[in-house]
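Chains as they are written, first to last, in numbering that gives the first Met the number 0: chain A, 0 to 389; chain Y, 0 to 295; chain V, 0 to 261.
Since the hints were made in silico from the structure, they are not lab data.
Be aware that one or more of the hints could be misleading.
[Claimed, not checked] Listed next, the in silico SDA-like pairs over lysine to any residue satisfying Cα-Cα at most 25 Å (straight line):
(1) K238(A) - R84(Y)
(2) K77(Y) - E205(A)
(3) K314(A) - S55(V)
(4) K241(A) - K110(Y)
(5) K376(A) - E72(Y)
(6) K285(Y) - L97(V)
(7) K110(Y) - N9(V)
(8) K24(Y) - R94(V)
(9) K71(Y) - L227(A)
(10) K50(V) - K314(A)
(11) K50(V) - L327(A)
[As the list claims (entries may be wrong)] Pulled from the structure, derived: some chain A residues nowhere near chain Y, Cβ distances all over 10 Å:
(12) G44
(13) I65
(14) I88
(15) D179
(16) W236
(17) D258
(18) N261
(19) E367
We put the CB at the ideal spot given by N, CA and C, even for glycine.
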Amino acid sequence: MELLKERSVILMMKKNKIFSNILISCLLVSLTPLISSCAIERMIGCLSKEKLNIYNWGEYMDYATIESFEEKYNVCVNISTFPDNETVITKMRLQSFDIIFPSEVAVQQLVEEDRLEELDWSKIIVTNKDGQEVAFDSQRDLINPLYNHLQIMKNEQDFDYLKYAAPYFFQNITLVYNSDVISKEEIEEKQWDILRTPEYKGAMRESSRDAFMVALKQLGYSSNTTNLDEIAQAEQWLKQQKDTMGTQIAYLIDEVIDDVPNGLYDVAMVFSGDAFTIMDANSSINFYNPEKGTDICWDGMIIPKNAQNKEMAYKFISHMLSYENGLLNTEWVGYTSPLKEVYNDVMANLEDERLINVYSVITSPKDEVYKYDGPTKQAIESAWSRVKAS
Amino acid sequence: MSPKKLSSHLKDYLKRPRTALDKFKLLGIPYLLFLLILVAIPMFLIFLYAITIPNKDDAIFLTLTNFVNFFKEEGFIKVLWDSVRISIITTIVTLLVSYPLAYIICEYKLKFQALLILVISIPMWINMLLRTIAWKQILSTSGPLNTVLGWLGIAPINFLGTDFAVVLGMVYIFLPFMVIPIYNTLSKIDDKLIEASLDLGASKSRTFFKVTLPLSMPGIMSGVTMVLLPSATTLVVPRFLGEGRYFLIGNLIEQKFLKSGLWNYGAAISIILMIVLMIILFVTKKVDKYHFDEED
Amino acid sequence: MKKRKFNFANFYVILVLIFCYAPIISLMIFSFNSDRSLTNFESFSFEWYQKLFDDSQVIQAILNTVFVAVVTTIISTIIGTIAAIAISRMRKVLRDGLLALNNIPMVNPEIVTAVALLLLFLSLGIGQGYITMILAHITFTIPYVIITIYPKLRSLDDNIVEASLDLGATPMATIWKVIIPQIKSVIIAAISICFTLSFDDFVISYFTAGTVNNISIYLYTLRRLEPTINALSTILITGVVLVLVINGIIKRKKRDFNDEEE
Chain A
0 MELLKERSVI LMMKKNKIFS NILISCLLVS LTPLISSCAI ERMIGCLSKE KLNIYNWGEY
60 MDYATIESFE EKYNVCVNIS TFPDNETVIT KMRLQSFDII FPSEVAVQQL VEEDRLEELD
120 WSKIIVTNKD GQEVAFDSQR DLINPLYNHL QIMKNEQDFD YLKYAAPYFF QNITLVYNSD
180 VISKEEIEEK QWDILRTPEY KGAMRESSRD AFMVALKQLG YSSNTTNLDE IAQAEQWLKQ
240 QKDTMGTQIA YLIDEVIDDV PNGLYDVAMV FSGDAFTIMD ANSSINFYNP EKGTDICWDG
300 MIIPKNAQNK EMAYKFISHM LSYENGLLNT EWVGYTSPLK EVYNDVMANL EDERLINVYS
360 VITSPKDEVY KYDGPTKQAI ESAWSRVKAS
Chain Y
0 MSPKKLSSHL KDYLKRPRTA LDKFKLLGIP YLLFLLILVA IPMFLIFLYA ITIPNKDDAI
60 FLTLTNFVNF FKEEGFIKVL WDSVRISIIT TIVTLLVSYP LAYIICEYKL KFQALLILVI
120 SIPMWINMLL RTIAWKQILS TSGPLNTVLG WLGIAPINFL GTDFAVVLGM VYIFLPFMVI
180 PIYNTLSKID DKLIEASLDL GASKSRTFFK VTLPLSMPGI MSGVTMVLLP SATTLVVPRF
240 LGEGRYFLIG NLIEQKFLKS GLWNYGAAIS IILMIVLMII LFVTKKVDKY HFDEED
Chain V
0 MKKRKFNFAN FYVILVLIFC YAPIISLMIF SFNSDRSLTN FESFSFEWYQ KLFDDSQVIQ
60 AILNTVFVAV VTTIISTIIG TIAAIAISRM RKVLRDGLLA LNNIPMVNPE IVTAVALLLL
120 FLSLGIGQGY ITMILAHITF TIPYVIITIY PKLRSLDDNI VEASLDLGAT PMATIWKVII
180 PQIKSVIIAA ISICFTLSFD DFVISYFTAG TVNNISIYLY TLRRLEPTIN ALSTILITGV
240 VLVLVINGII KRKKRDFNDE EE
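Based on the provided sequences and hints, a complete structural model is requested.
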């Protein structure tokens, strides 16, 4: 039987010796335009320079900030991308990155697993709006909502986020909906249950934690509950959703950013930064933060213990926390910058009320920040597998 | 063989006159190293992880917990079932599309045949993710397909996230893998056999079923094997065309390994997968042999 | 020889071809779209091609992919060719055993190979840069090199090799001057297979990637789909078609000259 496979593969290739020529010529044709681009020059230069390995969400930085960093310090920045936090936690064990951009709940887990370097803030010097180089002061330089949450975290959970990470973007999870199809009243009435309404094509986020947050909030529980009974009820909620909605519900990650403005979905749960981009692309889309509560989160830069180039990593953090780059990044990606000067300037330039509201990440009393708890996380993940498989 | 004899045999073997040809065997050393380090040891590691569970002391004690857990989760049996179902449908559809195609191609002039096969193979050169994403655009509710249906007065149908979309995507990806082996076998069938059968009075369809089809069995088996298991374990098509609703074995392993970090569990699932594969190979080998014997 | 008399048959072939090429044509058409939408065509524009050449991350991913593919092809072809030569000289038992072992990475579902390699790299603690990806790619390409080259080796006339050795050539010289020229065509075929497999790989790369992205991983983790990718595909497709045409013309010219063996 293997012989058959052999023969077919060989014959397939042998019969068409052209393939070898195609291969070579194809490469040449496709590479010629590349050769003339700066990227090739860069790659050749990279062989001799110092390297910095970054692990980030896809398309989460304005490349101009990377280019300016490379020029300033004569380094070669190597970017790898990941689709979600879980992949980071796993892949980190295998590869040694210098800077990673996980979400705050992943930072909590990594600190517990003792995999992060403590940040030496004396090494972080940022350039503010006036062009001066100053030390970073969290109270002065961070926007109030984030600063307050960090304080709460420090006092109530005894977790000092800034000890290990430098904030990058601030967001919450919100509902975007097509206002031509769904009325404001309806969404205010149904809250998260709008995603269980078969008349409307909905998109859930393909994430165990986020999906369970929605279910738990709608049922009136805390998204940080450790009560297994409540989690079981949330599992039922989600299973029912899959059941009733059938083909009317999809589990997506970032495809929504293009799909929602194109009208593929009537309602979707997205991060506020993506909501910004979506609403910017389509004026009939609006957003709603359910009063039943949602998740508040932020991504930040960390230096793993197994990083190879820690000195350069500090310079990178300083670079990204500076006004100029903070502004470039937030304008390119659409997520809210936690840097006060940047935030104020962006808000001053926004005109569309929807965009102003979503950028400011309005929070309500029932909103929570995820708290990491190992056993609960396992329980939720197993439950999510069961929901997906149901 | 008593130890004494063995050792003397060994000595003789080592002392035998070396021919130049023996030196050729040394060429195989890099390959042996490769087999050992990159094939044998990883396989062994999968087995090891599958039958152990992580514990703080790093102690190794064998257990079948991982397998038990797998079978206890009713949801995961559904994953297996979904994967099998989709892969069987895909294989059958691919076969039904490929066989006539290969047959028809054989009717053309030889040069044209080569051209057609080449044309069919070219899509394989383009990145699989790109082609899958392209199908996603075509099948979406505002995509070209629904636009065309709209002209015919049919309301937009939601194709994505259905069995139809997932199977379509898979068939598309695996089509060349089925067409080419079948074509190869069919093109080799001696025209004279067909002529003889027709001359002896058999009708066209009888000739087909009794002569052509059995002779092309090896190609069919080859194609089926190249489509069956890969279609059950692929990651890309369920993700892009399944709207996240399709959770197949590949996605399950991805989740257990890359997201949950449950390597032991993931390894156990991989073992189960390999066992299924071996069963399939065993069955196809038997069918193959059967038909080969029959042909004689 | 047989004339095309079945119109239904022709129709069927055309239908299948449309099926095969619809997404590709769609990719190409939308690469010229001025809007970033992949479902509504706005107006003709080259902006995505411009962006492609400026987008360092995509280019980086492409170059990574090509680099890994080239290195993999070189290493795999060398190891595979000499291994095939070695195997053809072995005794039957050892030979069949090795060939059977060789099948494992080919027959295993990709994801199992990926998982196995991941566990290996984890245990060995290596995870830097290109190494893991190259090792992983070698793993699934060498078997194909061997099964491509080995049958042809078997069909070679042993006497020539013996003669060469008898006449005093060293084994290395024999290999280089006698064996390799005869199997040149299959080596080229093996190179093509190797490169394609490595270039287009996703699953194994995704699991075992070091700190490098290859083009498939980049696409899988992309948050938003951009037509710059369409631009890239269009370039590749154009290259393939161009070469086909050129090759067709060259072949026709050659055929007019003499009989060429396929």
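Status of each hint after checking the structure:
The hinted pair formed by K238(A) and R84(Y) meets the criterion: a straight-line CA distance of about 22 Å does not exceed 25 Å. For the suggested pair K77(Y) and E205(A), the alpha carbons sit about 19 Å apart, so the restraint of at most 25 Å is met. With a C-alpha separation of about 21 Å, the suggested pair K314(A) and S55(V) falls inside the 25 Å cut-off, and the hint holds. Between K241(A) and K110(Y) the CA atoms are separated by roughly 53 Å; this puts the pair beyond 25 Å, and the hint is violated.
At most 25 Å may separate the alpha-carbon atoms for a hinted pair to count; K376(A) and E72(Y) meet this at roughly 18 Å. For the proposed pair K285(Y) and L97(V), the alpha carbon gap of about 23 Å is at most 25 Å, so the pair holds. Between K110(Y) and N9(V) the CA atoms are separated by roughly 16 Å; this keeps the pair inside 25 Å, and the hint holds. Our distance criterion of 25 Å between C-alpha atoms is met by K24(Y) and R94(V), whose separation comes to about 11 Å.
For the hint pairing K71(Y) with L227(A), the CA-to-CA distance comes to about 19 Å; that is within 25 Å, so the pair holds. Of the supplied pair hints, the one linking K50(V) and K314(A) is violated, its CA atoms being roughly 29 Å apart against a limit of 25 Å. Straight-line distance between C-alpha atoms of K50(V) and L327(A) comes to about 18 Å, which keeps the hinted pair within the 25 Å bound. The claim that G44(A) lies off the interface holds: its Cβ sits roughly 27 Å from the closest Cβ of chain Y, which is beyond the 10 Å cut-off.
Once the 10 Å rule is applied to beta carbons, I65(A) is consistent with being away from chain Y; the minimum gap is 24 Å. Taking the minimum C-beta to C-beta distance to chain Y, about 7 Å, the non-interface status of I88(A) is violated against the 10 Å cut. Every C-beta of chain Y lies more than 10 Å from that of D179(A), the closest at about 15 Å, which supports listing it as non-interface. Under the 10 Å C-beta cut-off, the non-interface status given to W236(A) relative to chain Y holds; the minimum distance is some 16 Å.
Residue placement check: D258(A) does not keep its beta carbon more than 10 Å from all beta carbons of chain Y (closest about 8 Å). Consistency note on N261(A): stated as away from chain Y, yet its beta-carbon is not over 10 Å from all of that chain's, at 6 Å minimum. In this structure E367(A) is separated from chain Y by more than 10 Å, as the shortest Cβ-Cβ distance comes to about 23 Å.
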